[in-house]
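Undergrad: Given these sequences and hints, build the entire structure.
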Amino acid sequence: MEKIASFTINHLKLEPGIYVSRRDYIGDEVITTFDLRMTRPNFEPVINTAEIHTLEHLGATFLRNHSEWGKKVIYFGPMGCRTGFYLLLAGELDSKDIVDLVREMFTFMVAFEGTVPGASARDCGNYLDMNLNMAKHVAKRYLENTLTNIDEKHLVYPE
1 MEKIASFTIN HLKLEPGIYV SRRDYIGDEV ITTFDLRMTR PNFEPVINTA
51 EIHTLEHLGA TFLRNHSEWG KKVIYFGPMG CRTGFYLLLA GELDSKDIVD
101 LVREMFTFMV AFEGTVPGAS ARDCGNYLDM NLNMAKHVAK RYLENTLTNI
151 DEKHLVYPE
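Under my numbering, the first residue of the sequence shown carries the number 1, and numbering increases by one thereafter.
The hints are simulated quantities; they were obtained by calculation from the structure and are not laboratory data. One or more of the hints may lead you astray.
As the list claims (entries may be wrong) - Straight line, CA to CA, 30 angstroms or less: simulated BS3-like cross-link-like pairs of lysine-lysine:
1) LYS3 to LYS96
2) LYS136 to LYS153
3) LYS72 to LYS140
4) LYS153 to LYS13
5) LYS96 to LYS153
6) LYS3 to LYS72
Claimed, not checked - Estimated spans, in silico, between C-beta atoms of each pair:
7) ALA121 to VAL99: 13 to 23 angstroms
8) LYS71 to MET134: 23 to 33 angstroms
9) ASN48 to HIS11: 18 to 28 angstroms
10) HIS11 to ASN145: 27 to 37 angstroms
11) LYS13 to VAL99: 32 to 42 angstroms
12) GLY27 to ASN145: 37 to 47 angstroms
13) THR148 to ALA50: 22 to 32 angstroms
Nothing here was measured: the structure is a model prediction, and the numbers come from that model. For every residue, glycine included, the Cβ atom is placed at its ideal position computed from N, Cα and C.
TA: This is the structure in structure tokens:
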């Protein structure tokens, strides 16, 4: 079997950033999959499930309600390895096209107060596995260390 695209990236060289993981063409439509890499794979600890679950709820709510991008959001969810998220958007896009959106989303997460959207037994299949304080800490780290002054090296996958 052929390796899927995400398994062809050298994870030993991969650093936190925003990367185009793939583009899929469905008829005349393009869906761009972004790799929002928050931790350095195999070097830093992964994001705990409660934090990544909380960030998923906050991020999905923010994105789907965004006035400019909301209608282009296909999917937002955590990677199985828990080192970041996949964001699928309609359109042929580059990493630089969504830097402001991702900064805005993580700023929202860091500042969020109150009940996490969808954090109830009625709305979520694992609503007790949430940790808002630690999610905000993880989001702040990514925002400050990666997103604030992101450069080209962290917008294109390493060779």
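Undergrad: Confirm or reject each hint.
TA: Evaluated hints:
1. LYS3 to LYS96: Within the cut-off at roughly 27 angstroms; holds.
2. LYS136 to LYS153: Roughly 25 angstroms separates the two Cα atoms, so the pair holds.
3. LYS72 to LYS140: Answer holds: LYS72 to LYS140 is near 25 angstroms, not above 30 angstroms.
4. LYS153 to LYS13: 11 angstroms, holds
5. LYS96 to LYS153: 11 angstroms, holds
6. LYS3 to LYS72: The given pair, whose Cα atoms are some 28 angstroms apart, holds under the 30 angstroms limit.
7. ALA121 to VAL99: 13 to 23 angstroms: 37 angstroms, violated
8. LYS71 to MET134: 23 to 33 angstroms: 31 angstroms, holds
9. ASN48 to HIS11: 18 to 28 angstroms: 20 angstroms, holds
10. HIS11 to ASN145: 27 to 37 angstroms: Violated: the Cβ-Cβ distance is about 19 angstroms, outside 27 to 37 angstroms.
11. LYS13 to VAL99: 32 to 42 angstroms: Taking Cβ atoms as reference, LYS13 and VAL99 lie about 21 angstroms apart, which means the hint is violated.
12. GLY27 to ASN145: 37 to 47 angstroms: 39 angstroms, holds
13. THR148 to ALA50: 22 to 32 angstroms: Between THR148 and ALA50, where Cβ atoms are some 25 angstroms apart, the hint holds.
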